[in-house]
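Colleague: Protein chains in written order, with my numbering: chain A, 72 to 133; chain B, 72 to 133; chain C, 72 to 133; chain D, 72 to 133; chain E, 72 to 133; chain F, 72 to 133.
Among these hints, one or two may not hold up.
Which copy is meant is left open, so a pair is good if it fits within one copy or across any two.
Straight-line C-alpha distance at most 25 Å; calculated SDA-like pairs for lysine to any residue [as the list claims (entries may be wrong)]:
hint, residue 1, residue 2
1, K84, G124
2, K84, G125
3, K84, T126
4, K84, N120
5, K84, N103
Calculated from the structure, these hints are not laboratory results.
Chain residues, written in single-letter form:
6 protein chains.
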Amino acid sequence: MPVITLKGPRLSKEQKREIVRSFTETASRITNIAASAFIVYIDEMEPENIGVGGTVLADRDK
Amino acid sequence: MPVITLKGPRLSKEQKREIVRSFTETASRITNIAASAFIVYIDEMEPENIGVGGTVLADRDK
Amino acid sequence: MPVITLKGPRLSKEQKREIVRSFTETASRITNIAASAFIVYIDEMEPENIGVGGTVLADRDK
Amino acid sequence: MPVITLKGPRLSKEQKREIVRSFTETASRITNIAASAFIVYIDEMEPENIGVGGTVLADRDK
Amino acid sequence: MPVITLKGPRLSKEQKREIVRSFTETASRITNIAASAFIVYIDEMEPENIGVGGTVLADRDK
Amino acid sequence: MPVITLKGPRLSKEQKREIVRSFTETASRITNIAASAFIVYIDEMEPENIGVGGTVLADRDK
Chain A
72 MPVITLKGPR LSKEQKREIV RSFTETASRI TNIAASAFIV YIDEMEPENI GVGGTVLADR
132 DK
Chain B
72 MPVITLKGPR LSKEQKREIV RSFTETASRI TNIAASAFIV YIDEMEPENI GVGGTVLADR
132 DK
Chain C
72 MPVITLKGPR LSKEQKREIV RSFTETASRI TNIAASAFIV YIDEMEPENI GVGGTVLADR
132 DK
Chain D
72 MPVITLKGPR LSKEQKREIV RSFTETASRI TNIAASAFIV YIDEMEPENI GVGGTVLADR
132 DK
Chain E
72 MPVITLKGPR LSKEQKREIV RSFTETASRI TNIAASAFIV YIDEMEPENI GVGGTVLADR
132 DK
Chain F
72 MPVITLKGPR LSKEQKREIV RSFTETASRI TNIAASAFIV YIDEMEPENI GVGGTVLADR
132 DK
């Protein structure tokens, strides 16, 4: 029962549907585990809660 | 200092109290580690951010 | 489809069985979600990879 | 800089290559974020450290 | 490409900037990995979603 | 009771001691939470289990 987690920016409902469908199909095909066994979690993060290279994304986007 | 995380649906305050108390008591008894050392995190996820079997929960509930 | 993760010390197979059974029963009862939907992950950590209060556990145990 | 994590069974090196390549391509296309920005982590779990429906996988496989 | 995650209480924007800058500088210096390769995530938790010693933080603060 | 997790490459025991001490001191100072309340976890990943930009690190290092 594998779990796939995507931690990243805010996404639209359609993007979430595509991520869930594509990740599950891909991972099921490669691992030979039934698609029904996969769980996908989408963790949407605010730009002020992500740092890259020492700088908060909310500041870099300015 | 173990950490228990429950990633799942939205819960009421009373359900959270019970989860925290029960998980901590159970884990402390089984591992012989003092209950005071346990941290429990509850990650509440929106149905549009959870996918099962390739479908977003928000669509399955329809 | 909730996921419970216990991050802590090494455990015996019997302790793992009890953790998985107890956490699942407890969480299913409190949340009214079928036990079959729960996944439990046990992340066993080495004492040199856990720090508490600024000190690595492997050093505190000496 | 999104991070994708797959928590599941042991995989071959070729399966890992395919997972990393496919997840990155898929997520980059759907989110319009450059593929170079994606990190993928593969967390391989032992069957005795995964519980499904209250039972450790190592016992179910018997 | 290491990822540092801080799971804790709500923080101000200035505290987040300092956490991201300090963690990245410290980890880059100790590991000899370029600061540009580090990602920091800040997961802000509500007091009712954190349990310590079997009690929800929201109840302890009362 | 905040938890800091570093997910990255293998480190020496001395590097782990420094990471735990520095992260805890820094986070305690910035958040005004006692150092004794902080837990640090170090998740060491194999190069074949980390992908960057669609390529497994174990292949990039060749």
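Colleague: All hints, please: hold or fail.
Modeller: Here is how each hint holds up against the structure:
For a Cα distance limit of 25 Å, the shortest separation of K84 from G124 across copies, 17 Å, qualifies, whereas the shortest one inside one copy, 30 Å, does not. Within a single copy, K84 and G125 get their C-alpha atoms only as close as 31 Å, which misses the 25 Å cut-off; across copies the closest is 14 Å, which meets it. Taking the shortest Cα distances, K84 and T126 sit within 25 Å of each other only across copies (12 Å), while inside one copy they are farther apart (29 Å). Taking the shortest Cα distances, K84 and N120 sit within 25 Å of each other both inside one copy (21 Å) and across copies (9 Å).
For the homomeric pair K84 and N103, the shortest alpha-carbon distance between copies (15 Å) is at most 25 Å, but the shortest distance inside one copy (28 Å) is not.
Every hint from the earlier list agrees with this structure, and none is contradicted.
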